[in-house]
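Residue numbers (our numbering), protein chains in the order written: chain A, 1 to 175; chain B, 1 to 662.
Honestly, the hints are just simulated from the structure, not real lab data. This structure is a prediction, so every number in the text was calculated from the model and none was measured. Any given hint could be a false lead.
Simulated DEER-style distance windows between Cβ atoms [said to hold, decoys possible]:
id, chain 1, residue 1, chain 2, residue 2, range
1, B, 42, A, 125, 44 to 50 Å
2, B, 252, A, 112, 27 to 33 Å
3, B, 359, A, 33, 55 to 61 Å
Pairs of lysine to aspartate or glutamate, EDC-like flavour, derived with a Cα cap of 20 Å [stated by the list, open to error]:
id, chain 1, residue 1, chain 2, residue 2
4, A, 121, B, 255
5, A, 121, B, 262
6, B, 381, B, 262
7, B, 464, A, 15
8, B, 194, B, 316
9, A, 135, A, 15
10, A, 38, B, 255
11, B, 25, A, 21
12, A, 38, B, 465
13, B, 464, A, 37
14, B, 464, A, 24
15, B, 25, A, 24
16, B, 25, A, 147
All residues carry an ideal CB built from backbone N, CA and C; glycine is no exception.
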Amino acid sequence: MAAAFFLPFWKIMLEAPQYPEGLEMQIWLYKITGDVEKINGLNHYIGMKLIHEDEFPEFKIMPWVLAMLILFGIVVAITRKRALLLAWLGSLLLAAGIAFCDFYQWLYDYGHNLDPHAAIKVPGMSYQPPLFGYKQLLNFLAGSFPDSGGYFVIVAAVGILGVVVYEQFFTKKHL
Amino acid sequence: MKTVRLILLSLLVASMAAGTLSSCKPKKVGSVMAGDAASKVYVAPGKYDDFYLFTSGGFSGQLGVYGLPSGRLFRNIPVFSQDAQSGWGYSEETKPMFNTSHGFVPWDDSHHPELSKTNGEDDGRWIFINGNNTPRIARIDLSTFRTVDIIELPNAGGNHASPFCTENTEYVVGNSRFSIPMEGKGDVPITTFKENFKGAATFVKVDKESGNMSVAFQIIVPGFNYDLAHAGKGVSRDWMFFSTYNSEQAHNLLEVNASQNDKDFVMAINWKKAEEMIAQGKGKKIPASFMHNTYSEKTHSATSTEMKEVTVLYAEEVPEIIYYIPCPKSPHGCDVSPDGKYIVASGKLAATIPVFSFEKLLKAIEDKSYEGNVGGVNVLKYDAVLAGEVPQTGLGPLHTEFDDKGFAYTSFFVSSEIVKWDLEKRVVVDRAPTYYSIGHLCVPGGDTRKPSGKYVIALNKITKDRYLPTGPELTQSAQLFDISGDKMQLLLDFPTIGEPHYAQAIPAEKIVKNSKKFFKIEENTNPFVAKSEAEAKVTRTGKRVDVYMTMIRSHINPDNIEGIKVGDEVYFHITNLEQDWDIPHGFAVKGANTSELLIMPGETQTLKWLPIKVGMFPYYCTDFCSALHQEMQGYARVSPAGSATPLIFSGGATAVAEEVKK
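So here's chain A without its partners, still in its complex pose (with noise of 0.2 Å):
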C-alpha cells in the first residue's frame, strides 16, 4: 500500500477522433499529472472550470490519511487482535467511502458548474466524467479507472477483506 505514495492512483484518460494520441491526466495522493494544460485547454469552450492543483485540499489530507492506515495495518499485524484487524478493515472502507464521494462531488462541480458565456453551450448537457468507466461527453470519450498505485491499494484492501471473509464462514474454527 505504500506504492501509493510513488505511484499515481487514479487516471482520467480522454479519448477524440482529432486526438489519436490521447489525452490523460493522473491522480496522485498529493498531486495531479499528465496533460492537464491541454485538458483545460479544451475545456475552456465548454466553460469548465480550469483544473489547478492548489484548489483541492485533498491533496494536503490523503497522504496523511493512508500513512495512518498503513501504521494502524502494521500495529494490527503486529498484535494479531482480530478485534482490531475488523477495525482496521472498517476505517480502510470508510476511508474510501468519503474518497469516492468526495470524487464525485468534485466531478460534479466542474461537470456542472459551467461558465454561463462559454462559447459552446449544449442545452441541458453537462460534463460531468464518470466515477468509474466509460463516458460518451460531446465528441470525447472519458475514462475513469485506477491507475498503478490505486489498484495496488485496491488489491492490497480486497485481497486482505476476502482472507477475513474466508477465514470468518469457510473454515472450521479450532477452539
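Chain A is fixed; fit chain B onto it per the hints.
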C-alpha cells in the same frame, strides 16, 4: 490453505482487471476501407485521371491542381503570392498583378475556388478564387492555367464569402468577413462597431465572352461577419444566399462574444432585382479607390487600372430585395440543393442542420411573416421558412455538398466526420470518420445542378500521425471516398499543399480539350518582343539599357554584352522562340535581386537588373531544355559608372559586334 488464498486473490485481481479494461468501452465508428481501394485509385503509367481537382492554397495564396482518383499533384498555380519558380510577381510583366490601393501586396490568403458555370453546370472556362486579406477576386484561365484577372473589392474587410457565382456566371460575389466602416470613414473608435461598421456585398460582373471582371455594384449591409455564400439554381436562380455570424456585433473576444446568440442569420438577396434597380439608376455612385489588374496572353503583360468610384445600394433603402432568415448558432456553410429548392445552413456550434425551403421563403416574404427588423432588413420567422431540421447529426457542422441521388454530405469539424443524409426525408443514412477534423468537403459538381455521384473529398485541418512526420510543421491531409454505393468507402489518403479551405472538381475532358500547348509567336504583341534572332539587340536610352533577347535550343542571343555600367537599369526582355510542346526556357543572371524567369514557347518576359558591382556576370538557361542545355549561357560585362566602354553585343551566327555610341 495458502494455495486457496492465492487463487482467491488472483481471481479477484483478474476479475477487477478484466472488468476495468473491457467495461463496455463504446465502440468507435471505424472507417470502411474499400477492399479493392488500391485498384480504384491506381492510375497506370501513361493513363490519365478522370477529374481535375482544384484546391485552394489557403495561407499559401495559390491554387493546387490534382488528379482524381490518384491524388497526384500536377501544378501549384501562383495566384496571390509571388512565385520564385516561375517569376510570377517578379517579372516586369507580372508585377502589376499584385497592385492594390495599398500598394504592391505580394501575398494573400486564398480560400474558395469556384469554377465558372453555364446553366448551373461547370463549364471549364475559368476558375475564380478569393483573396481574404486584401479583398480581391482572381480569375484563372483554364486553357493556360494562368491568373489573368485580379480585381480589388472596395469597402470590404476579410473577403471570405467569396467567390461564388450565379448560375450562368453573370456575377461573382464577395462579402465582408470583417465588417469595417465605409472607405474614408474608418478613423473611428473600435467601440463604435454597432454604429459605424458595415458589410459590403459586392457583385462583380463577368463578361460572357472575355471573362473580364468589373465591380458592377455593392449592397451595403449591416455590420456582421459574412461567412460563406451560394447562388440559387433553377427556381432560386435569381437569389444569392449568405451565411452570417456575429449577429451580436461584437468587436472583441469574438470567441465568446460572437457565440452568445441562439440564432444568427442567412441573408437572402434577390440579385436580379438589384441589377434592375441599378439599371434604373437607383444606385448611388460614391468615391472608392481600388485596383483592377488584367493580364493579356497576347501582350504577355499586365495592365493596372485604378478605379475611382463604385455604385452602391444601401440595404435599409431596398428592403424588398434583402431578407434575414434566422439560423442556429454561428452558421458557416450556406449550400443550395441541385434543384435549387432547399438551402442548407450549418451552425458550427449547433447539433442539428436546418434545411430552408425556397418556396416557403417566397411565401413568407409575400405574407410578410416577419419577426423583427435588423439594420433596416426584415427578419423572417424561422418556422415560416424552415422545411425541417436534420436531427442527431454530429458536432460542429460546417459545409454541405450534394450527389446525384438526393443525398447531402455534411462535414463535421468537432466530431471529425462526414455525415450522409437524405435531403427529402432529412434522416442520417451513413457516417464516415475523417482524419482529422474535416473543414470543407468537395463532391465533383457538388454545388451545381448536376453533381457527380462518384466521389467526395474531405479536406482536413489536423494531420497529426496520418503521414510520416516532418517536424512540427505538417502537411494538410485529404481523404477520397467512393460514394457510388449506399455506404461511403474510404479509398485514398493524400497530403495537400497549403491549406485547402475548399476545392472544386470537374471531369477532365471539359478542360483537356481547351488546354493550350504553346503561345503562337506571330500573335505576340509584347512591346519588347524579338520575333526572330535577327531582332535580338541591345539599346541604351540614358541610364536605361534594353536587351531584346531570344532563347531557342540551345543558345541565347545575344550571349556576349559589354558596355553596361554600374547604376544602369537593365531590362532583359526574353522571347522564347520555340513553337513546340513543353520546351520552356528559364533565365537568371548572377546577383540579380529578383527570381528567375520561366518563359513558355512564344512568350516574352522581362527581368529587371540593377548592377551595383563592376565585373563579369554570367547568365544562363535554368530550365533543362535540350541535350546542350548546359551550353546555353552568356556573359554581361559591367564597367564602372561613367566609363567609356562601348555598348556592344553579339550572339548566334553574327560574330560581328555592333557598336552603339552613347
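Hint check:
1. 42/B <-> 125/A: 44 to 50 Å: The hinted range 44 to 50 Å holds for residue 42/B and residue 125/A, with Cβ atoms some 45 Å apart.
2. 252/B <-> 112/A: 27 to 33 Å: Given a distance of about 29 Å, which is inside 27 to 33 Å, the answer is holds.
3. 359/B <-> 33/A: 55 to 61 Å: The hinted range 55 to 61 Å holds for residue 359/B and residue 33/A, with Cβ atoms some 59 Å apart.
4. 121/A <-> 255/B: Roughly 13 Å separates the two Cα atoms, so the pair holds.
5. 121/A <-> 262/B: holds, 9 Å
6. 381/B <-> 262/B: Status holds; Cα separation ~14 Å.
7. 464/B <-> 15/A: The given pair, whose Cα atoms are some 14 Å apart, holds under the 20 Å limit.
8. 194/B <-> 316/B: Status holds; Cα separation ~15 Å.
9. 135/A <-> 15/A: Since the Cα atoms of residue 135/A and residue 15/A sit roughly 11 Å apart, the hinted pair holds (cutoff 20 Å).
10. 38/A <-> 255/B: At roughly 18 Å apart (the allowed maximum being 20 Å), residue 255/B and residue 38/A satisfy the hint.
11. 25/B <-> 21/A: Given that 20 Å is the threshold and the Cα spacing comes to 17 Å, the pair holds.
12. 38/A <-> 465/B: At roughly 18 Å apart (the allowed maximum being 20 Å), residue 465/B and residue 38/A satisfy the hint.
13. 464/B <-> 37/A: Judged against 20 Å, a Cα distance of about 19 Å means the pair holds.
14. 464/B <-> 24/A: holds, 17 Å
15. 25/B <-> 24/A: holds, 16 Å
16. 25/B <-> 147/A: Roughly 17 Å between the alpha carbons, so the hint for residue 25/B and residue 147/A holds.
Violated hints for the displayed structure: none, as all numbered hints are satisfied.
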